[in-house]
Amino acid sequence: MDALTRLLHSLLPNVDWAEIGYASLDTLSMLGGSLLFTVILGLPLGVLLFLTGPRQMFEQKALYGVLSLLVNILRSVPFVILLIVMIPFTVLVTGTSLGVAGAIPPLVVGATPFFARLVETALREVDRGIIEATQAMGASTRQIVVNALLPEALPGIFAAVTVTAITLVSYTAMSGLIGGGGLGDLAVRYGYQRYQPDVMLVTVVLLLVLVQILQSAGDKLVVHFSRK
Amino acid sequence: MINFHQVRKAYRVNGQDIPALQPSDLQIARGEVFGIIGHSGAGKSTLLRLINRLEEPSGGRIQIDGEDVTALDAAGLRRFRQRVGMIFQHFNLLSSKTVAANVALPLKLAGVLSRSAMETRVAELLARVGLSEHANKYPAQLSGGQKQRVGIARALATEPKILLCDEATSALDPQTTASVLQLLAQINRELNLTIVLITHEMDVIRRVCDRVAVMDAGVIVEMGSVADVFLHPQHATTRRFVQEAEQVDEGELHDDFAHVAGRILRLTFQGQATYAPLLGSVARETGVDYSILAGRIDHIKDTPYGQLTLALTGGDLDAALARLKAADVHLEVLR
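Protein sequence lines correspond, in order, to chains A and B. Position 129, counted from 1, in the first sequence is what this note's numbering calls 129; the numbers after and before it change by one each time, with no gaps. Position 149, counted from 1, in the second sequence is what this note's numbering calls 149; the numbers after and before it change by one each time, with no gaps.
Calculated directly from the structure, the hints in this document are not laboratory data. Mixed in with the good hints, there may be bad ones.
[What the hints assert, rightly or not] Sample of chain A residues at the chain B side, in silico, Cβ under 8 Å:
#, residue
1, 129
2, 132
3, 133
4, 135
5, 137
6, 139
7, 140
8, 142
9, 147
10, 148
11, 151
12, 152
13, 156
14, 159
15, 227
Just so it is clear, CB atoms sit at the ideal spot from N, CA and C, and this is done for glycine as well.
Working from the sequences, and respecting the hints, build out all of it.
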């Protein structure tokens with residue numbers, strides 16, 4: 001055990017494992033918190049985009065136009081800019097612009113439009129015949145969404161959550177810029193600014209492991225809920 | 001049961017009205033199996049969807065059981081639709097739900113039955129369509145015929161009075177088609193269910209329908225009992241459908257006649273007359289000889305029929321014709 005510690009130390013002289021541990025926890029809580037709120041806000045937004053979209057059940061040209069424009073604006077702002085622009089709003093919501101709490105609002109605002117579009121696309125993949133059959137049973141729009149659309153689109157929605165989670169992992173790295181913390185922040189501050197490649201290596205490997213876990217867990221869920 | 005008064009439908013495409021259904025009248029009686037036949041684009045699918053207002057009429061009035069369906073508000077329409085079942089060409093089952101959950105869906109949406117009552121009802125329905133042992137499978141694990149049986153069970157869940165069938169057998173092979181049509185005929189009899197079906201196959205009409213409407217370019221061109229329309233088609237579209245079903249080429253037939261001597265007649269028998277030994281006795285009594293040029297003996301739903309094209313030579317031709325006219329057959333002199 002002692003030999004292993006010494007070996008690790010000689011190979012990775014600048015790595016402070018306690019700090020790596022805290023940074024990992026920070027990344028995980030940023031990811032968990034932002035993913036939760038992204039899904040809570042993005043799912044209804046995606047459903048609304050779908051329903052009001054062209055040739056859909058609730059076609060509303062004006063509302064769809066406004067929602068679509070809002071989503072496109074948020075998606076075209078580079079995340080780094082969004083982080084800075086959002087600072088006053090973040091302080092208003094969480095009381096701080098620093099740390100995990102300070103990072104979550106910009107992460108959610110950055111990822112929600114992206115996720116909503118993916119949900120919209122997943123819903124469009126549902127066979128129109130299924131919507132028609134459910135309508136013919138006398139279902140209300142709410143019943144169609146809850147009982148037919150969402151269950152049928154579930155594999156697509158899980159795929160969307162997976163892609164969004166991985167996008168959020170790379171966003172969390174940028175939140176270091178506003179003092180967000182986490183593994184990505186460690187990579188930038190120690191690995192890049194202090195030129196400690198060993199720290200960079202460890203953080204990147206850990207991020208890679210995280211992305212791998214997210215992707216394979218996501219794939220498993222998609223397969224589990226695909227009955228086709 | 002179902003009454004259309006001058007119902008019409010036009011789609012608005014790029015600011016222009018494209019008519020899909022010209023103003024049409026239609027009466028369908030309770031317990032009847034009513035077929036609508038037409039080529040794709042003839043407007044039959046629109047006509048069917050007007051009944052449960054999946055398509056909104058552009059004009060006219062639709063009454064069902066005396067109730068003006070065109071006047072229903074959103075909530076009224078939902079309640080009305082729960083009393084009208086529908087099955088589809090591509091089944092439209094939810095791939096994410098088991099067979100039992102698919103059948104239970106209309107009951108769940110209606111929200112009137114308790115959980116256990118729902119389970120009992122689903123078991124009953126699956127037994128009726130012969131799928132009890134497949135209750136926990138997913139649609140992807142079933143064959144086409146089995147999927148349509150699930151579709152039928154689902155459509156019957158809320159005990160509807162009307163069943164709409166949208167090309168329900170068009171995606172199935174001939175054998176499966178026959179068994180699904182048999183099931184439809186059976187539920188029509190046992191539940192006194194009114195069935196409206198659309199198809200492009202005359203054979204489907206012949207097997208299960210009581211009456212038929214023939215559509216062409218948004219117009220009902222011919223309507224009547226299947227036997228009348230099938231055996232004495234008036235409109236060119238109807239004739240084409242009948243010929244397709246019988247695989248007879250009228251032109252070829254007439255070429256053959258050119259080489260045959262004597263009078264050429266077409267006799268059409270229906271019901272018990274099909275079994276009467278008419279030709280033999282007429283030939284004996286009047287001394288004419290007959291040769292059969294073309295013919296078909298079959299069933300329209302449960303009624304036997306026969307249609308024979310004959311050439312008569314020798315003997316007392318006029319007496320033979322008079323004798324045939326007096327008999328219980330439909331006689332056409334072709335030449």
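Status of the hints after comparison with the structure:
no., hint, result
1, 129, "holds (4 Å)"
2, 132, "holds (6 Å)"
3, 133, "holds (4 Å)"
4, 135, "holds (6 Å)"
5, 137, "holds (4 Å)"
6, 139, "holds (5 Å)"
7, 140, "holds (6 Å)"
8, 142, "violated (11 Å)"
9, 147, "holds (6 Å)"
10, 148, "holds (6 Å)"
11, 151, "holds (4 Å)"
12, 152, "holds (5 Å)"
13, 156, "violated (11 Å)"
14, 159, "violated (15 Å)"
15, 227, "holds (4 Å)"
In this structure, the earlier hints numbered 8, 13 and 14 are contradicted, and the remaining ones agree with it.
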